[in-house]
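Visitor: Following the hints, put chain L in place on chain F, whose structure we already have.
Protein chains in written order, with our numbering: chain F, 1 to 263; chain L, 264 to 526.
These aren't lab readings, by the way, just hints derived from the structure by calculation. Incorrect hints may have been included.
Calculated cross-link-like contacts (lysine-lysine; reagent style DSS-like; alpha-carbon spacing at most 25 Å) [stated by the list, open to error]:
1) L:Lys312 with L:Lys496
2) F:Lys49 with F:Lys233
3) F:Lys49 with L:Lys312
4) F:Lys189 with L:Lys452
Please read all numbers here as calculations on a predicted model, not as lab measurements.
Protein chains: 2
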Amino acid sequence: MLDASQVEGFRTHGYLMLPSVFTAAEAGVLRAAADAVYALDRQEVVREKDGRTARTAFAAHTYNEAFRWLGRHPRLIRPVEELLGGPVYMHQYKVNAKAAFDGDVWQWHQDYGTWARDDEMPEPRAMNIAVFIDAVTEFNGPLWLIPGSHVEGVYEAGHDVSTTSYPLWTLDQETVARLAERGGIYSAKGPAGSVLLFHGNLVHGSPPNMSPWGRTIVYLSLCHVDNHIRRFKRPDWIAHRDFAPIECLGDDCLAELAEVRAA
Amino acid sequence: MLDASQVEGFRTHGYLMLPSVFTAAEAGVLRAAADAVYALDRQEVVREKDGRTARTAFAAHTYNEAFRWLGRHPRLIRPVEELLGGPVYMHQYKVNAKAAFDGDVWQWHQDYGTWARDDEMPEPRAMNIAVFIDAVTEFNGPLWLIPGSHVEGVYEAGHDVSTTSYPLWTLDQETVARLAERGGIYSAKGPAGSVLLFHGNLVHGSPPNMSPWGRTIVYLSLCHVDNHIRRFKRPDWIAHRDFAPIECLGDDCLAELAEVRAA
Numbered sequence: 001m002l003d004a005s006q007v008e009g010f011r012t013h014g015y016l017m018l019p020s021v022f023t024a025a026e027a028g029v030l031r032a033a034a035d036a037v038y039a040l041d042r043q044e045v046v047r048e049k050d051g052r053t054a055r056t057a058f059a060a061h062t063y064n065e066a067f068r069w070l071g072r073h074p075r076l077i078r079p080v081e082e083l084l085g086g087p088v089y090m091h092q093y094k095v096n097a098k099a100a101f102d103g104d105v106w107q108w109h110q111d112y113g114t115w116a117r118d119d120e121m122p123e124p125r126a127m128n129i130a131v132f133i134d135a136v137t138e139f140n141g142p143l144w145l146i147p148g149s150h151v152e153g154v155y156e157a158g159h160d161v162s163t164t165s166y167p168l169w170t171l172d173q174e175t176v177a178r179l180a181e182r183g184g185i186y187s188a189k190g191p192a193g194s195v196l197l198f199h200g201n202l203v204h205g206s207p208p209n210m211s212p213w214g215r216t217i218v219y220l221s222l223c224h225v226d227n228h229i230r231r232f233k234r235p236d237w238i239a240h241r242d243f244a245p246i247e248c249l250g251d252d253c254l255a256e257l258a259e260v261r262a263a
Numbered sequence: 264m265l266d267a268s269q270v271e272g273f274r275t276h277g278y279l280m281l282p283s284v285f286t287a288a289e290a291g292v293l294r295a296a297a298d299a300v301y302a303l304d305r306q307e308v309v310r311e312k313d314g315r316t317a318r319t320a321f322a323a324h325t326y327n328e329a330f331r332w333l334g335r336h337p338r339l340i341r342p343v344e345e346l347l348g349g350p351v352y353m354h355q356y357k358v359n360a361k362a363a364f365d366g367d368v369w370q371w372h373q374d375y376g377t378w379a380r381d382d383e384m385p386e387p388r389a390m391n392i393a394v395f396i397d398a399v400t401e402f403n404g405p406l407w408l409i410p411g412s413h414v415e416g417v418y419e420a421g422h423d424v425s426t427t428s429y430p431l432w433t434l435d436q437e438t439v440a441r442l443a444e445r446g447g448i449y450s451a452k453g454p455a456g457s458v459l460l461f462h463g464n465l466v467h468g469s470p471p472n473m474s475p476w477g478r479t480i481v482y483l484s485l486c487h488v489d490n491h492i493r494r495f496k497r498p499d500w501i502a503h504r505d506f507a508p509i510e511c512l513g514d515d516c517l518a519e520l521a522e523v524r525a526a
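With the rest of the complex left out, here is chain F (with noise of 0.2 Å):
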């Protein structure tokens, strides 16, 4: 569970990092599972524009095992139940690759805007607790969050549907220069099994890897369920219709996978 410091960090900045949640053995048996997904021939596996890089795995706890028991992690679900006051469930599940060399930018945007627009959420009691498989660092992709833009709501938004391959709410640019002129950018980087929470309205970015080095990270978009989405336009491999409250699994789920796959 979170401390007092650790909660009132993330209400004032919007964002909370966990440096080496997991061991290296867990990130182990995930980053294994993401090359598996990734090598799937699933509507969920959205490419980059070049048609053949992974950019995303949608819904991966449905079709792959590490990946559902990482979806019910007590070390993930515990402390957003606590940030949300009560029982969650998974809107959202996604396996984000950024490749080598070709994984593209994701545009500065507010997730719950998306979940506002396109599912009819009803409020912003939902938010994203991301697991990094490999290590982040300034050159292969790191997520940037503007620390405190959570605090006034949605902003407008443009929706891109030609910057990437996958089309986005995104902000205007004056928007995410004032934000980021008084809050600056923190970019989240650390260890293979570190652990961002973010806040729903909380603008964030990711610009593209031109480095050798792939990272890929997992995003839980948890959502309290009596928060639950009204509306069914997107496909329930991107916006989920379970509702169920998630039921955690023990808390050394991963590491007992880590063993079997090594015995």
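Guide: Coordinates of chain L only, in the frame set by chain F:
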């Protein structure tokens, strides 16, 4: 002049970072000059793919006073004369913008590869010395160098005419990955007025700028006068043909210009 450990560091790693060589007032003169140059409608000012945003201004020392003086500044010319062992001429001069939001990538490449292929420069007795006109951070498109990548000569390269608005001889991914595994990547960051020297064969590139903060770096490509180019395929505002040794101005030339402008 450089001391022995600096010279040794340059020989080993292929670059040398010198923070705050110019004062804030001197950098301010150059900052104003860059804006003036970007606003010019000249063939030397290359735009990004959007046809609007300045990407680089070639030969700015031939049509802007502050950049003319910078091109003869002893703090830039003397160290390069020392490293190249004699008088130098200006092979290329460019003012590289990396505009906020819109500044595009410079792919992985070696400068001497281009100078040899396009201009028939006999040997890599030429190098860059760069001046940061703005603070360069991890967010606004720093230069990335691969330490030690200058020692094996010129690598094979392909002519990339599609990624950006400016065609470039770029290295293949296997070569970059191999060199970065060995040497890592150094991101050249520092306050406005900092200076970076790097070997003509050092592999380098620069990521796009998705931050709200622009940054300009001026590159002087200096060549030993005996090593001048033999082929005149590229326009003379890209590959200069005046092989006369550069004669330095006084150390206070830019400071005086700053005072005159302030008065």
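Visitor: What are the numbers of the hints the structure violates, in ascending order?
Guide: The structure conflicts with no hint, since it agrees with every one listed earlier.
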